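Q: Protein sequences, first through last, are from chains H and X. Plus 1012 on top of the position in the first sequence (first one is 1) and you've got the numbering used here. Plus 12 on top of the position in the second sequence (first one is 1) and you've got the numbering used here.
Pairwise CB distance ranges (calculated):
(1) H:ARG1610 - X:SER76: 41 to 47 angstroms
(2) X:VAL87 - H:TRP1239: 50 to 56 angstroms
(3) H:GLU1241 - X:VAL87: 57 to 63 angstroms
(4) X:GLU60 - H:GLU1490: 52 to 58 angstroms
(5) H:GLU1373 - X:GLU175: 42 to 48 angstroms
(6) X:ILE62 - H:ILE1493: 51 to 57 angstroms
(7) H:LYS1369 - X:GLU175: 43 to 49 angstroms
(8) X:VAL87 - H:LEU1500: 42 to 48 angstroms
(9) H:LYS1369 - X:VAL87: 23 to 29 angstroms
EDC-like, lysine to aspartate or glutamate: derived pairs with alpha carbons at most 20 angstroms apart:
(10) X:LYS123 - H:GLU1669
(11) X:LYS178 - H:ASP1668
(12) X:LYS67 - H:ASP1685
(13) H:LYS1648 - H:GLU1699
(14) X:LYS123 - H:ASP1668
(15) H:LYS1621 - H:GLU1675
(16) H:LYS1648 - H:ASP1502
(17) H:LYS1456 - H:GLU1406
(18) H:LYS1369 - H:GLU1334
(19) H:LYS1400 - H:GLU1099
(20) H:LYS1473 - H:GLU1552
(21) X:LYS178 - H:GLU1669
Source of the hints: derived by calculation from the structure; they are not laboratory data. The model shown is predicted, which means the values in this text are computed figures rather than measured ones. All C-beta atoms in this analysis are idealised placements derived from N, C-alpha and C, irrespective of residue type, glycine included.
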Amino acid sequence: MSVDLSQFIPNFLAESFEGLELMESSLLNLEQGDDETMNAIFRAAHSIKGGAGTFGFDHVTEFTHLVETLLDEMRNGQRAIKQDDVELLLVSVDCMRMLIEAIRDEGDYDKDKIDETYQLLLVALKGKEPDLLPTTNNSTDKSVTSTDGMTEWNISFIPEHHLVQTGNDPLLLFNALAELGELKVEANCNNLPSILDADPQELYLSWNLTLHSKNASEALIREVFEWVEDECELTITQNKPAECDVESANLEEKLTASQPADSNDTANLDESLTVEKVAENTQQEKQVIKAPTKSTSKTKVDAGSIRVGVDKVDSLINLVGELVITQSMLSELGSDFDLSKVERLTSGLEQLLQNTKELQESVMRIRMLPISFAFNRFPRLIHDLGKKTGKDIELVLKGEQTELDKTVMEQISDPLVHLVRNAVDHGIETAEVRAANGKATKGKIVLDAYHQGGNIVIEIKDDGGGINRDAVYNKAVEKGIVDAGTSLTDNQVFELIFEPGFSTAQEISDISGRGVGMDVVKKNIQALGGRIQIDSTPGEGSTFKVNLPLTLAILDGQLVKVGSETYIVPLITIVESLQTKAELINRVSGDMVLYRLREDNVPIIPIYKLFGIASDADADSLEEALLVVVEADGQKVGLLVDDLLAQQQVVIKSLDENYQQVEGISGATILGDGSVAMILDIPGLIELAMQNANHRLSSKTHSPSAEGAMI
Amino acid sequence: MDIQELVSDIPVEGEYSLEGIDFITSGEQYLTFTLAKEQYAVDILCVEEIRSWEKPTIIPNSPSHVCGVINMRGVIVPIIDLRLKFTIGEAVYTETTVVIVLSIEGNERSKTIGFVVDAVSDVLNAEDTDIKNAPAFGGCVPQHFIAGLVNVGDNVVTLLNVEALKQLEPHSSKVRGEQWIKNT
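Required output: the full structure, derived from the provided sequences and hints.
A: Structure representation (structure tokens):
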């Protein structure tokens, strides 16, 4: 019975990673006496071990086995749940992840780290050796193993006939047993029926196994048979140690007797032996694994995958069904159409519109994942950071079920980590400072995600000291980012920490602000079409609010006409659209054109000039022109356009793919008539206009032809 | 249809003279086209399709030889006027003006770009040995675009280096600045 197991490896990997995540988060929440969590952790480890065993990833099996043993002791109450052990287990989870990632990437792993952890696990287990054998074990058991010699186990394994039909293969079981020691297998074929009566899908054999092993216990052997326990007759008996084994046992006894003080040494010896075995195993493993994975490597070009709930797929199927009905109705109508049927046509088209919209939403929903995927890593991060900085921090997660597009999620993860790290590092004060200020010594960081309009908002809130406004301001003046004496609003000051200049380590310790790579955080968020805002109260803490579009694929846009071209302004950036009034236009400070919008003075950007397009609009007349007021980075500008067209959702296409990035343009889309329209990148557009203004200023002195009004 | 009929439908070699497709022989094949009065050619395996000229959407502040972008079955494809890029001939659009869309594989990723030419002419067979080095004797076309020359009858066809065509000049701020000044 040979099945190509390699096809199941991706599933094994996905499940293992899930299991590891579960182990990690459960370990962090583990409390004394919480049996349910403990069992969940154990089960996760166990199934990873089982899976790895099935596929022959022996290094994973071996490593996980130790983890499992430790967990088992904790589960059985032989070992109190201590912080040290939990830490060790967390490190072990990291190691397991590393090993499994190495399988996935067919790459290498940090062997030293694995070995080191392996040793630590062994030490942890050894340290508890007296407890290793539960009192439930009978006394003979104990006496024999205590000689530490080879023990011989007789195992009679009589499986039920249908064993293989449930997917179990005795060979795999025997392989697992062989790992425990030297194994002799005798098959008993007495019950074989004649070849004519035999059902090829049934198993008629039974086995007598003899296992010579140093460290096997009945429990360990039973564990091998755990999956088939209900489907076989299993008797495990222990024989007296064989002659030669006694000898070796005696020898070892002598050894330990001669060096009673140095018992650690033998233990180490023991361990290094095992480790060597691991090394050997892994080396063989590499060759074995390589062969099957190579064939699958073609399909493995990291296409990524999404696990989707069946309900989402069901709703899609329903919608497609409706769409098909609408389609058949319309085509029937079209085959024999006259004007009397116009009404039915309109209603059919309306239905089609509705179907398309719903279908689009459903398809988008498939890419949506709950944000807990991104949030899950934070408990561990806070745990580690808290230990490193010596701060006691409580993490509260909210809105974990809020859904977000997979690509957005992947790209927002790193900036979020950065923000959380900063909150711990610079936001939360040390316990002493907190106590002195009359706050609870335990700091608190709240991660919250919720929907707002067509966007998702992720908040990172800490109850730390807040941003020191003056320190940031002074630093900015010192750095030359702001001229001394400029009066800035709080928000403008907070914006300063996103300046690239602010991102060196020393400054952070000077000022209680945050700055390590905040410029990068901001850039990443902007690349996703998002925004970040800061709100901070001295002594009470800060809140970083990240505003993101739900998806990168579709955007709500306002179509505008400039000359012969159609552009799309992202709806989210639009403050308002208005018709200019002559008296509200001011030319100030040497011909800068501003529009008075209530209290604000908004600079006017004529798109046709910025983009070099011929426009119908009379360039010199701003009266009764159309102005689309947009905002980006807190800066409002008015875009001068010829006409406002419809508002519609547009599918974003990359301009980069076949061409290159264009300043002021974030992408392109295809309109209903099949033509291409550019999507305006408002922050980029503002920057472009500023550069051009500077350029104009500098070239004005050289060429007299450049004289003249900007508008 | 009976299987016997199917078998008898398969032509025996040499049974038909396949007029018009006699160019399918061994050796490399090139699509030749004209720019002004001159003959050029590109590797036929790169040619994705040949389209008639339609006005593309302008890319803001692009160099003058970049006409804009078009929608090719949902993909945004930039259109480059080869006549302007190489400064041979004028950007006049006639009935024969076509866009040759090339899909160009590269080290990083493939790009699909359309090139405006005056007309496509023929498919050319040329063995490696037929391709001669182009002498560096001036001319408008930068040397790195030229893969070699092939003699066809009395004419000389210039083979273009498709890899080089893929390289697009970045939008320089200088171009934009000048445009801005021109417009103000």
